[in-house]
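A.B. asks: Take a look at the letters that make up each chain.
Protein chains: 2
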Amino acid sequence: MSEYSKVTVAALAITPGPGGTITFLHQQRGPYAGHWLLPGGKVDPGESVPAAACREAGEEAGVDLKPDDMTLTGVYEMLGQWSGGSYHLIMFCFLAAGEHTVPAGWQGDQVGEVVQVPADSLTPHPTVMRILNDAGVTVYDQADIEAGLERDGITMLRLAAGLPA
Amino acid sequence: MSEYSKVTVAALAITPGPGGTITFLHQQRGPYAGHWLLPGGKVDPGESVPAAACREAGEEAGVDLKPDDMTLTGVYEMLGQWSGGSYHLIMFCFLAAGEHTVPAGWQGDQVGEVVQVPADSLTPHPTVMRILNDAGVTVYDQADIEAGLERDGITMLRLAAGLPA
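Order-wise, the sequence lines are chains A and B. 71 is the number that the numbering used here gives to position 71 of the first sequence; each next residue is one higher, with no gaps. 307 is the number that the numbering used here gives to position 142 of the second sequence; each next residue is one higher, with no gaps.
Please keep in mind that the hints were generated in silico from the structure rather than gathered at the bench. Honestly, I wouldn't trust all of these hints.
Here are the simulated DSS-like pairs of lysine-lysine, each with C-alpha atoms no more than 30 Å apart in a straight line [unchecked claim]:
| # | chain 1 | residue 1 | chain 2 | residue 2 |
| --- | --- | --- | --- | --- |
| 1 | B | LYS231 | B | LYS207 |
| 2 | B | LYS171 | A | LYS6 |
| 3 | B | LYS171 | B | LYS207 |
| 4 | B | LYS231 | A | LYS6 |
| 5 | A | LYS6 | B | LYS207 |
| 6 | A | LYS42 | B | LYS171 |
| 7 | B | LYS171 | A | LYS66 |
| 8 | B | LYS231 | A | LYS66 |
| 9 | A | LYS66 | A | LYS42 |
| 10 | A | LYS6 | A | LYS42 |
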């Protein structure tokens with residue numbers, strides 16, 4: 001396991017858009033470049049995890065989320081390799097309450113296109129399909145998820161659910 | 166928040182001992198030195214979180230735990246300061262199935278005394294009191310927990326529970 005150099009803590013926001021849509025962005029950097037992802041990124045030292053999810057959604061998708069309106073839907077451990085080396089990610093996933101509209105003409109920070117579309121109108125990264133399914137937001141085919149994780153050599157373990165209501 | 170330099174991922178094992186006891190160790194290093202803690206420590210890069218809890222319990226308390234026998238009881242975010250600087254910790258807490266006996270004459274890796282005693286026979290660190298209460302293992306007084314966290318200047322947020330059965 002020596003090829004892994006660090007454990008990175010990240011957070012993402014499942015962000016409902018108008019009319020039953022979900023907010024996706026086309027990733028241009030990192031291990032999942034070229035895929036449709038959810039807004040998210042690294043937790044900064046000293047920054048609370050729910051606050052990080054909100055900050056990243058603001059930077060990447062221009063939406064204004066509040067930590068108190070975020071419900072944790074799962075915590076995942078993802079391990080894999082890419083051209084930049086190996087990565088070991090702990091990902092906290094939150095569902096934002098309400099509907100949020102990406103501003104017209106929005107260009108996010110170091111991301112490609114940002115869209116708000118029905119989840120079944122595109123094929124996101126397999127980790128995202130699993131995260132959305134576990135959150136009860138989508139019903140992507142389980143076999144597609146497993147095939148995608150296998151294809152990309154990703155080990156994905158669900159560590160935790162949200163807090164009991 | 167610039168005094169925080171990193172986010173550290175750690176895991177601990179609530180380890181039942183013989184006769185309804187819990188395994189505690191007297192910490193000698195780090196921000197919680199001088200307190201009774203549960204076996205645990207940093208997750209190594211490339212090492213799964215449940216495996217880290219088992220490895221740490223083995224190194225510190227000499228018990229042989231298996232990742233498949235560990236049930237997540239909570240995930241916490243802890244922020245605070247000590248003489249070594251500021252710390253931002255993401256702590257995954259597991260309850261080990263079964264009973265486990267610390268070997269006679271055991272001396273753990275870089276820890277002080279290791280004991281297996283009823284939880285009400287000592288006063289552990291306030292973060293440990295909260296973790297054990299949330300796991301349903303103890304009923305420490307909530308006011309004592311809050312007073313302890315306040316005294317030590319610790320911000321402790323419960324981020325997640327375990328997976329639904």
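A.B. asks: Does each hint hold? Answer for all of them.
C.D. replies: Going down the list of hints, with the structure as the test:
no., hint, verdict
1, LYS231(B) - LYS207(B), "holds, 17 Å"
2, LYS171(B) - LYS6(A), "holds, 11 Å"
3, LYS171(B) - LYS207(B), "holds, 13 Å"
4, LYS231(B) - LYS6(A), "holds, 24 Å"
5, LYS6(A) - LYS207(B), "holds, 11 Å"
6, LYS42(A) - LYS171(B), "holds, 11 Å"
7, LYS171(B) - LYS66(A), "holds, 24 Å"
8, LYS231(B) - LYS66(A), "violated, 39 Å"
9, LYS66(A) - LYS42(A), "holds, 17 Å"
10, LYS6(A) - LYS42(A), "holds, 13 Å"
In this structure, the one hint that does not hold is number 8.
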